[in-house]
Amino acid sequence: MSETRLAPALRTFLRYAGISAVALALFAVVLLAAGKDPLKAYADTFTSTLSSAYGLSELLVRMTPLLLTAVAVALPSRLGLINVGGEGQLYMGAWMATAGVLLFPAWPRWLLLPFAALLGFLGGALWAAIPGALRAARLVNETIATLLLNYVAPLIISYSIFGPWRAEGSSAYPQSPAFPDAALLPTFYDTRIHAGFLISLAALLAYWLLLERTRWGVDMRAIGGNAEAAQRLGIPVAAWIVIALAIGGGFAGLAGMGEVMGVHGRLRQSLSPGFGFTGFLISWLAGGRPLGILFMAFLLAIITSAGDTLQITQGLPYAVVNILLALILFLVLARQPQRGVSK
Amino acid sequence: MTTPLLLGVLAGAILSGTSLLYATLGETLVERSGLVNLGLEGLLLIGASVGFSVTAVTGSAWLGLAAAAMAGGLANLLFGWLVVTRKANQLASGLAMMFFGFGVSALVGAPHVGAVITGLPKWRPSWLAGLPWVQATTLFNYDLLTWLAIPVALLVWWCLFRTRWGLGVRAVGESPGAAFASGRDPATLQFQALAAGGVLAGLAGAHLSLSLTLTWAEYMTAGRGFIAIALVIFSKWNPMRAVAGALLFGGAEALQLQLQARGSLISPFLLDMTPYLLTLLVLLAWGGARRLAAPASLGRTFYGSD
Chain A
1 MSETRLAPAL RTFLRYAGIS AVALALFAVV LLAAGKDPLK AYADTFTSTL SSAYGLSELL
61 VRMTPLLLTA VAVALPSRLG LINVGGEGQL YMGAWMATAG VLLFPAWPRW LLLPFAALLG
121 FLGGALWAAI PGALRAARLV NETIATLLLN YVAPLIISYS IFGPWRAEGS SAYPQSPAFP
181 DAALLPTFYD TRIHAGFLIS LAALLAYWLL LERTRWGVDM RAIGGNAEAA QRLGIPVAAW
241 IVIALAIGGG FAGLAGMGEV MGVHGRLRQS LSPGFGFTGF LISWLAGGRP LGILFMAFLL
301 AIITSAGDTL QITQGLPYAV VNILLALILF LVLARQPQRG VSK
Chain B
1 MTTPLLLGVL AGAILSGTSL LYATLGETLV ERSGLVNLGL EGLLLIGASV GFSVTAVTGS
61 AWLGLAAAAM AGGLANLLFG WLVVTRKANQ LASGLAMMFF GFGVSALVGA PHVGAVITGL
121 PKWRPSWLAG LPWVQATTLF NYDLLTWLAI PVALLVWWCL FRTRWGLGVR AVGESPGAAF
181 ASGRDPATLQ FQALAAGGVL AGLAGAHLSL SLTLTWAEYM TAGRGFIAIA LVIFSKWNPM
241 RAVAGALLFG GAEALQLQLQ ARGSLISPFL LDMTPYLLTL LVLLAWGGAR RLAAPASLGR
301 TFYGSD
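Protein sequence lines correspond, in order, to chains A and B.
According to the working numbering, the first sequence holds residues 1 to 343 in order.
According to the working numbering, the second sequence holds residues 1 to 306 in order.
Quick caveat, the hints were computed from the structure, so don't treat them as lab data.
Keep in mind that a hint or two might mislead.
As the list claims (entries may be wrong) - Some chain B residues close to chain A (C-beta under 10 Å, calculated; not the full set):
id	residue
1	L38
2	V83
3	S93
4	F100
5	L107
6	S267
7	M273
Claimed, not checked - Okay, derived cross-link-like pairs now, SDA-like style, lysine to any residue, Cα gap no bigger than 25 Å in a straight line:
id	chain 1	residue 1	chain 2	residue 2
8	B	K87	B	E174
9	B	K87	A	L26
10	A	K36	B	A217
11	B	K122	B	W147
All residues carry an ideal CB built from backbone N, CA and C; glycine is no exception.
Excised from the complex, chain B in its bound form:
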């Protein structure tokens, strides 16, 4: 009895942790360049609605995925125009992006509410399907985004910590003045980080509508964007730690779904609270450590290159 439950939770954790991971990786890239985009929730909604709508119209989930990635990137460039080009307040700009995402996703998704789509194809290598217990669960039966989740986390880590570009991005996040003095252009690096981060956020949103739920509903991301922002802090701005964080939160969500499916006595509404309360708890536990790990210039506007 408990083994299927555990395997079910694990399978669900990986499935619902996928979008959280992509979102966290995207925000990590952005924050490493010294910018905070509180509007991540809006980006996820845009990714989910654009991905779903394009899939509903064209019949191809791959086109939907590509469109969602592009929409996420473009939305983050808009954020960049505000906070980098116009040097606007990052927090207010992030909230503006949140409103923008609420509205745009409602508009884009409205014609396709209730549409039936074929989501991202899933496959399970036959040698994994043969393992005991696995057959009865959704374990290892994943779409491309889930299979690529950890490789992408590795890629983001490698880009940030093993390439010249990543060094530049981190330098801008720590001290844009010093980065500028050493011949780097902070604005260009920030825009590049924003574009890449936006693409990841768009994919995160698309995974929700194209693989997890196969529907579009207004506000369907249900605060995952804010949870991902908390995960960035939890993972200390490190892409590989983000994997653990995403699994933890995906696990909380999966456990709650498994309990509901098994007819738990606890009200589903109370179970639905767990991700948010867990996020608060995690922030509480990691509250002190964050100041040391955060990029030193996070949230500050850089005026030096004028």
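Isolated chain A (complex conformation):
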């Protein structure tokens, strides 16, 4: 089973590596037109990511939220649901985890870590359950609802760190107080890789198991194939819609938990440079296949690192890297027209 999965995943990876190469060439033209040096930008990106142990470790740090937000998209997509709300779910996970840490800062590590992680999962899950419930009741399309909620979640964060959770002396860039040591995820050796990376791999594995090894996976695919038929077979479609979006959102929430408890050590406004959107891209490009997600997360971790390079060495905003992501999508979309109804 695993070998038959590996071959297409590898082929997918190679195909997208090729597409990325073309996209990089096009993006180089864009950078040239902006008066920048694309070769230097690419070389800098390579040295800062793949050419050193430190660079590779930073890639894994970046892959952690990407894997989780990709699974957050992939799981509901098995039912034909489109979750574009990973960004908001990530923020709510970070918010709930922070709430747990700030409420019980004196708890011992063995209790506080799992408690805050659970809250992180719940934060994302509840946030995604809202569009889930609206969709299950056939009231609002989940695509537009998840997109809209992306704009609400960061405001809740801002409200909290400008208000009740504001740390003393953080006037210019308000942030929450630093977390106690007991609330920091363990890191590996001298890197910034934190336990969240293991959680993200576990999430991917759980997704694969759910899909391939359980009855639930069969039910989910039945709904994705033909919801009406699934309903007649006695599968509770409405409940599944809410649950799938909630579990997916929970994984995105864990990504947010990882960022505050593993990387920043406190709650900040600038938690995510669009991890949720990149996660959507990863899942979509990988067709929701677990190994594909792993490969694409690695690839897009490198590509989004280019955004940092552009910012540091070329004086361009990080957001410019979105052009590169768009070019990749354009190429994939233009290459394989999809038959049938696109909804």
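Fit chain B to the given chain A structure using the hints.
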């Protein structure tokens, strides 16, 4: 006390409703031809950044406006190349346009962050300025885009419902196969609708940076593109109803600004949530009705003319 507040809200509603209206009209045209562009947010950002940058460089807001309109039209043609020519998935293509707009606008706007520009000129007819209460507010002190907002909505309505071209566009949106059989070319009509809709979206973005804020900031459209998509549903794909929708949402934004300016006890961050939550509420209330009003082939790819 309440009259100035109400007038202030009304003035603000018209001002911030303007860009929402242009964006909604643009998307309405596109959706009437059977296409959904979820990347409207990206188009708005492109319009805002191109408009601002060209104005900052040339010193002329009119040139900025023209450039923004053109950029919006071109961006929508790119979307058309994907979904009409290459028959790609519309939803994914729309999200690709969103990423594209995030990136392009950041690149175009970056050199001009913090630039000081002279925005679109505003004027108020003297006979309106003489009305009681009006003097103290920004009511009726508008730029050309705002003055033209309702005429443009009328124009879009007239084009869609009173011209042969509009009939063709709506026919393609309802049933491209039937439109094709009656001698119309769905692809051409869709590209025309996309170009016109893109121009309107470009103007919508430009109004934000050239009249409302007079600055450029990354992601400054703050989800207005998605709100406009919801407004298309709310207005049942009708340009004249879109006017009411845009005023409602512009009003929500203006009320929240007025409350903040008057030192409301509610946190500004919580007030900032109102447009998004209101959009969800509106979608919720109109959720059932939309299926009847939507163009029948909305979102479907047409393969028949191959």
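For each hint, the structure was consulted:
1. L38: OK, holds: B:L38 within 10 Å of chain A, min 7 Å.
2. V83: holds (8 Å)
3. S93: This hint holds: B:S93 lies near chain A, its Cβ roughly 5 Å from the closest one there, short of 10 Å.
4. F100: holds (4 Å)
5. L107: holds (5 Å)
6. S267: With a closest approach of 5 Å, the B:S267 hint holds.
7. M273: holds (5 Å)
8. B:K87 to B:E174: The given pair, whose Cα atoms are some 18 Å apart, holds under the 25 Å limit.
9. B:K87 to A:L26: holds (22 Å)
10. A:K36 to B:A217: It holds: about 21 Å lies between the C-alpha atoms, which stays within 25 Å.
11. B:K122 to B:W147: With Cα atoms ~10 Å apart, B:K122 and B:W147 stay inside 25 Å; holds.
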